[in-house]
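Engineer: Here are the chains, one letter per residue:
Protein chains: 2
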Amino acid sequence: MQAEIITIGDEILIGQVVDTNSAWIAQKLNSVGIRVKQITSVSDDKEHILTALKEAHQRADIILITGGLGPTKDDITKKTLAEYFGVGLVENKAALANVEAIFRRIRGTLTELLEVNKLQAMVPENCEVILNRNGTAPGMWFNYDGRVYMSMPGVPHEMMYMMEEAVIPKLKAAFSLPHIIHHTILTAGEGESYLAEKIKDIEESLPSYIKLAYLPKLGQVRLRLSGYGGDGAALQKEIDQFAARITERVGKSVVAQEDIPIEKAILNFMAERELTLSTAESCTGGYISHLITQHPGSSKVFFGGAVSYSYELKESILGVKNETLWQYGAVSEQTVTEMVEGALMNFKSDYAIAVTGIAGPDGGTPEKPVGTVWIGVANKEKTVTKKFLFGNKRQQNIERTAIAALNMLNILLKELK
Amino acid sequence: MQAEIITIGDEILIGQVVDTNSAWIAQKLNSVGIRVKQITSVSDDKEHILTALKEAHQRADIILITGGLGPTKDDITKKTLAEYFGVGLVENKAALANVEAIFRRIRGTLTELLEVNKLQAMVPENCEVILNRNGTAPGMWFNYDGRVYMSMPGVPHEMMYMMEEAVIPKLKAAFSLPHIIHHTILTAGEGESYLAEKIKDIEESLPSYIKLAYLPKLGQVRLRLSGYGGDGAALQKEIDQFAARITERVGKSVVAQEDIPIEKAILNFMAERELTLSTAESCTGGYISHLITQHPGSSKVFFGGAVSYSYELKESILGVKNETLWQYGAVSEQTVTEMVEGALMNFKSDYAIAVTGIAGPDGGTPEKPVGTVWIGVANKEKTVTKKFLFGNKRQQNIERTAIAALNMLNILLKELK
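Those protein sequence lines, which keep their order, are chains A and B. So the number in the numbering used here is just where the residue sits in the first sequence, counting from 1, plus 927. So the number in the numbering used here is just where the residue sits in the second sequence, counting from 1, plus 927.
Treat the hints with care, as some may be off.
[Unchecked claim] The list that follows gives simulated cross-link-like pairs (lysine-lysine, DSSO-like), each with its CA atoms no further than 27 angstroms apart:
hint : chain 1 : residue 1 : chain 2 : residue 2
1    : A       : 1341      : A       : 1313
2    : B       : 1320      : A       : 1191
3    : A       : 964       : B       : 1006
4    : B       : 964       : A       : 981
5    : A       : 981       : A       : 1097
Hints listed in this document are in silico derivations from the structure and should not be mistaken for laboratory results. None of the values given here were measured: they were computed from a predicted structure.
Take these sequences, add in the hints, and give me the full structure.
Structural biologist: In structure tokens form, the structure reads like this:
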């Protein structure tokens, strides 16, 4: 079963936005056994969209289209699809009700809709409408000449919700897809080649129908076992056994046995044990708190914390001593120790994380170059601090620091067992 | 002058990597007046690459290809290009010397090259080699049937260097390029269709060689004017005039006259005036601080703040009164007022932002459903608060709250003028 993804929009072709939708869609499709043959990005141009649709028709069984469904006149996907299928546009009652419901929610009351808003409910007459819970542009599913065409909005969260809630289940129902089982082991703190060397013999003993992929991401590597075909239960058992062998071998770098972010694994672990957490962030500027609080239920574990960018806030909120800052500097073992212990005491949590460093691009010195970071994690019994030297890219330094800090917290938490 | 970008590699089609190269290349091409007609991603498959090349030949004058030039056997771009052009492969002396130089640099001395490394210097005999200063795979420039084909490595920094140093200058020399000018106006707080309605007559009066695009993103819309062709200075002047008309019409929703994030526009404005900022975040959990601190130089403006998830931290760090929390609740005008004024006083900044709300998915009540958010912004003279009702998606509520808060701050700052 082969798919093609067509993304429509001038903003992609002038490089104003990076097309992240396609990679996300490709992952979802692959996870249910649909291979993506091609990804095509075209401009908001009728003839060009028609050509792309015709070419995709030759190559693929499933054609997923994103973008060009907005209410303004540069959005022509819908009209072009109607022309491609040789049908007219009709008003869809459910789509109109959805537009009205969204405007009612936004404005508190339903005032007269603008003409452009009503146009959002017009769809090609041969389509099945897939409601958009997060926006006014409906999704449209077409069965045509033995292929499935699915048109979705280009706004990522609208498309994602639609894919997960409707499109993937419908594709599963429409096609007989091969069996694929994935098992992901999240590791942190070790590089891809180190891990590969460590589990070389296990990897070599994998049967042909089980593949191992290394998916590295700043400071973390996901090891993904994928099994294809045959008897589901036997395959699952075999994958579980390989996962257990790899986990035992890799040891304390293992963070989770599922494809979740490291902070979510920590939240799950702490919530089960009714442990609480606070943070004191300097160079990460709130990024660690943000990672934690994006997850539902984080308030059970997370009390909050300080983003102490200035010396003054390090002193006033965290109780770092003025002489420590001036004697050792804000980026030092002494300061991070006072920060993490200050957070623990002032915010009254069981565990705390503190980071202080030079994210760059400015602020480096010969002794403390850009990328120098001190991280501290602590509970009532123990404070652990560690110095890191990352690179010279600000964004990456922020992300690497956050992952390293979460990894240190994870290791400290695992001492509980 | 039209270009097509072809990216080759299975890793893109399984969604393992996001294709960031294409957006980068598209930006570079647009900046010198080359429009990108299509971006096509295909797998490491000979027949499929040949088809993609033939299709691109129909559409484009310039075909830029990335990926598939590595030394391993799944990299087949070079052989496939030779087949496409009907030529053989020959060893290129300069490319071989480059491979040797790179290995000498890595190892400190030149030991015998592996056969796979030597193969890196084999190129189709009709190409002009573009040396790769950052890697062993040479770039290859082809003049063929009135088109330019350029094959580059997929590793971003190798490709970027090659584009900037060699490809862009060669394209400029080879073609007489038209002028393209973009101007982006960032707006916040109003929807796409509202804006479209408001500037309808201006949009309709645009000449055919100036296009207006709406680029919406949670709570923000970028309006992008693009002008094509002719006399550069006259076009620039005309675009400036339309931008000024749109800006005047849209009024206080306008945040910036360039394509930058809202928090960066605020940082620029505040840095110029030596104003300082702090934050008190509940439901955004550090996201606002993170947005601000990802930008270099933010420490000149931003002191830091509190992530006060719990009642206790709202009291202890921000000085919110216990009775306020119990009488009105954490999500209330009274609480957000005490939070923002507490931040201003305790953190000693000129301006402060505070947010408190129910991000969801749990925690809603009939009177305060999920998505209810109170935002406050303040300076020494004035505190402004506003209630919002967003949706039921946690991530979106966090992002929308952040953008709404930054927009309120922006409006308060503009009162300075």
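Engineer: Taking the earlier hints as the rules, which of them does this structure contradict?
Structural biologist: Checked against the structure, no hint fails, so every one of them is satisfied.
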